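> Take a look at the letters that make up each chain.
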Amino acid sequence: MSMQKKNGIVLGLGLALAVAGPAQGSAGSDVEMMDPDVSHHDRASIRKGAELYAQYCVGCHSLKYLRYKRLAEDVGADKQWLEEEIMRGDKDPYDHITSSMDPQDGVEWFGLAPPDLSLTARAQGEDWIYTYLNTFYVDEDSDVGYNNLVQEGTSMPHVLASLQGDQKAVRDDHGEVVDLEPVEGEEGRLSQEEYREMTAQITAFLSYAAEPIRADRERMGVWVILFLIVFTGVFYLLYKEYWRDIKK
Amino acid sequence: MNRLSLSGLQQWMDDRFPLTSTWRYHMSEYYVSKNVNWWYLFGSLAILVLVIQVVSGVWLMFYYQPSAERAFSSVEFIMRDVDWGWLMRYMHTTGASAFFVVIYLHMYRSLLYGSYQKPRELLWITGVLLYLVLMAEAFMGYVLPWGQLSYWAGQVIISLASVVPVVGEELVVWLQGGYIVNEATLGRLYAFHVIGLPLVLIGLTFVHIVGLHHVGSSSPDGVEIKKNKDANGKPVDGIAFHPYITVKDLFGWGIFLILFCAVMFFAPTFGGFFIEPPNFQEADPLQTPSAIHPVWYFQAWYAMLQSIPNQALGVVVMLGASAILLFLPWIDRGQVGSIRLRGLGYKIGLGVFTITFIVLTWLGKQEPTGLPVILGQIFTVIYFGYFVFLWAYTYFGFEKTKPVPERVTV
Chain V
172 MSMQKKNGIV LGLGLALAVA GPAQGSAGSD VEMMDPDVSH HDRASIRKGA ELYAQYCVGC
232 HSLKYLRYKR LAEDVGADKQ WLEEEIMRGD KDPYDHITSS MDPQDGVEWF GLAPPDLSLT
292 ARAQGEDWIY TYLNTFYVDE DSDVGYNNLV QEGTSMPHVL ASLQGDQKAV RDDHGEVVDL
352 EPVEGEEGRL SQEEYREMTA QITAFLSYAA EPIRADRERM GVWVILFLIV FTGVFYLLYK
412 EYWRDIKK
Chain P
-17 MNRLSLSGLQ QWMDDRFPLT STWRYHMSEY YVSKNVNWWY LFGSLAILVL VIQVVSGVWL
43 MFYYQPSAER AFSSVEFIMR DVDWGWLMRY MHTTGASAFF VVIYLHMYRS LLYGSYQKPR
103 ELLWITGVLL YLVLMAEAFM GYVLPWGQLS YWAGQVIISL ASVVPVVGEE LVVWLQGGYI
163 VNEATLGRLY AFHVIGLPLV LIGLTFVHIV GLHHVGSSSP DGVEIKKNKD ANGKPVDGIA
223 FHPYITVKDL FGWGIFLILF CAVMFFAPTF GGFFIEPPNF QEADPLQTPS AIHPVWYFQA
283 WYAMLQSIPN QALGVVVMLG ASAILLFLPW IDRGQVGSIR LRGLGYKIGL GVFTITFIVL
343 TWLGKQEPTG LPVILGQIFT VIYFGYFVFL WAYTYFGFEK TKPVPERVTV
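Residue numbers (this note's numbering), protein chains in the order written: chain V, 172 to 419; chain P, -17 to 392.
Treat the hints with caution; some may be incorrect.
With a cut-off of at most 27 Å between alpha-carbon atoms, the simulated DSS-like pairs for lysine-lysine come out as follows [stated by the list, open to error]:
{"no.": "1", "chain 1": "P", "residue 1": "Lys208", "chain 2": "V", "residue 2": "Lys418"}
{"no.": "2", "chain 1": "P", "residue 1": "Lys347", "chain 2": "V", "residue 2": "Lys418"}
{"no.": "3", "chain 1": "V", "residue 1": "Lys418", "chain 2": "P", "residue 2": "Lys211"}
{"no.": "4", "chain 1": "V", "residue 1": "Lys418", "chain 2": "P", "residue 2": "Lys209"}
{"no.": "5", "chain 1": "V", "residue 1": "Lys418", "chain 2": "P", "residue 2": "Lys382"}
{"no.": "6", "chain 1": "P", "residue 1": "Lys208", "chain 2": "V", "residue 2": "Lys411"}
{"no.": "7", "chain 1": "P", "residue 1": "Lys211", "chain 2": "V", "residue 2": "Lys411"}
{"no.": "8", "chain 1": "P", "residue 1": "Lys208", "chain 2": "P", "residue 2": "Lys384"}
Listed next, with one range per pair, are the computed distances between beta-carbon atoms [as the list claims (entries may be wrong)]:
{"no.": "9", "chain 1": "P", "residue 1": "Gln269", "chain 2": "V", "residue 2": "Gln363", "range": "17 to 27 Å"}
{"no.": "10", "chain 1": "V", "residue 1": "Lys262", "chain 2": "P", "residue 2": "Ser49", "range": "20 to 30 Å"}
{"no.": "11", "chain 1": "P", "residue 1": "Gln269", "chain 2": "V", "residue 2": "Glu279", "range": "16 to 26 Å"}
{"no.": "12", "chain 1": "P", "residue 1": "Thr351", "chain 2": "V", "residue 2": "Lys235", "range": "50 to 60 Å"}
{"no.": "13", "chain 1": "P", "residue 1": "Val138", "chain 2": "V", "residue 2": "Lys262", "range": "49 to 59 Å"}
{"no.": "14", "chain 1": "V", "residue 1": "Gly316", "chain 2": "P", "residue 2": "Gln269", "range": "48 to 58 Å"}
{"no.": "15", "chain 1": "V", "residue 1": "Val395", "chain 2": "P", "residue 2": "Ser(-11)", "range": "56 to 66 Å"}
{"no.": "16", "chain 1": "P", "residue 1": "Gly352", "chain 2": "V", "residue 2": "Gly316", "range": "53 to 63 Å"}
{"no.": "17", "chain 1": "P", "residue 1": "Ala294", "chain 2": "V", "residue 2": "Gly316", "range": "44 to 54 Å"}
{"no.": "18", "chain 1": "P", "residue 1": "Val149", "chain 2": "V", "residue 2": "Asp387", "range": "48 to 58 Å"}
{"no.": "19", "chain 1": "P", "residue 1": "Arg6", "chain 2": "V", "residue 2": "Trp394", "range": "33 to 43 Å"}
{"no.": "20", "chain 1": "P", "residue 1": "Gln47", "chain 2": "V", "residue 2": "Val395", "range": "23 to 33 Å"}
Chain V stretches covered by chain P per the calculated footprint, using a threshold of three residues with CB under 8 Å from any CB of chain P [said to hold, decoys possible]:
{"no.": "21", "segment": "252 to 261"}
{"no.": "22", "segment": "344 to 354"}
{"no.": "23", "segment": "395 to 403"}
{"no.": "24", "segment": "406 to 417"}
No wet-lab data here; the hints were simulated from the structure. As the structure is a prediction and not an experimental result, all values here were calculated from the model. The beta-carbon is built from N, C-alpha and C at its ideal position, and this holds for glycine as well.
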């Protein structure tokens, strides 16, 4: 048996194993995840998502590992944008993005303090966030009036209901939720398409917030790899030159 | 001779320190079989990865805070606020997995070419010890970021000590410095990770290399090149490590670094295999994660542990599975080393063993119920069965080997 062939088989098996089953953290939920289809290189979407976050989310959810200034730099915005769209009030650009809500109030109002969302995109995945924002449905049994497909029994009210409109569950014979459909007469201000675009932008922003360096790291990586390829090419020629005498 | 020339300086040094002789012994006059192939690259790659881990690790130590309160946030501080901190962190996490890739392939080379056989038994043993220390080092480093999996993996692994008869429970409390994994545990794992075990690792590496250069490298043909020397005492089939192997390895390092950087810059979590999603949640002693699995490089051993219902037996089997490697030079009674000369039975046996290890690695990620448990038991038996087979196959002379060639083939 040729050694090369054998090497190939072993390495191939290892590689197949490595890509066989990516492990995402959203265990326990068998809901089909929706793909937000956003790129971490899309600065316009991240910027718009940051504005939406400042408008609808930051009242309850902090981003304690992200600084205002870093955000502005990464999306190519200036101080004025930061002050008008994001900070809104007496905040220092060097501060982390905090919520004005007292965690204790959260416990009293919703049963638990709203979590910090700095790393949610990395812990749960972009798909999870996007699907979560799109699958609230009316549930009379819930304290907050809504339930959610990806997080059953969620403590979060549907704060974007005025935009999306209400959805209700379509159930099968066993009472399991199989689909969601709009509640007539409770339409939101946005069309379904507009709402999906908006939630995709929020997802893009949260994905950015979970790893601000990601886009830069990939841009940098291209040059590093190119450099190494050239370098390795030189090493190869050196190797060939030295070994010419031996491999006669 | 001019006392101010370079050779004058060399003479001055050599009168006081064995500079030239050491260089010759280990580099320019250390002879290696001229047909060593790419399987022989992984030893020097392991050194490269060790250096990468030490350098990036020191950098991380500048900012990492080993306290329950600040460990997790200090890692995010490194990722976001420290210049190039993200690079050092990803270098270290990618390096950890790369270390095991390299070491597993390095060990596999020994199986292919019988590099553990006489006179290289001690070389093999120091190598296995290095692997054991590396596993401890990796486990302890894994706990430091203080994410959910860090914490609970720490809890699971340390609690294995509870199977020790009589004092087991007290031993766990003593190891943890409390009734659960806590800041005291973090502190001691940190100390072992950054200085205790690295000292052992580097010391053993030194012994490993000194041992290697005493007996010489094996060859893919199973030929001992030292048996055939020319008038000057140079093996006729040998080439000097420097410059021939150094330039060859340099090229190999380039290929490795391309792959390494591709992962580091484009897929540092490697789809959840190198850094797992639940570890982006801070450790919470009150909330058990839905599934606790070790990182990929431990999963084969973990599969054995979780497929055996009796925990004490599971621990013994798991430890035995790596400890048995220490005895490999005496289990294999084969007359030849290289797979090119060995009997068909050895080739099939090694193939089955390879598949077994890969299947066990996959099983270590599965839920410990139903089929995975049964498969885990079957493949655990096959794993140990390989060593029994290997001993019987070689001890009773079933193996039909090819004769050892006079010269190496190029």
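> Which of the numbered hints are not met once you compare them with the structure shown?
2, 5, 9, 12, 13, 14, 15, 16, 21, 22
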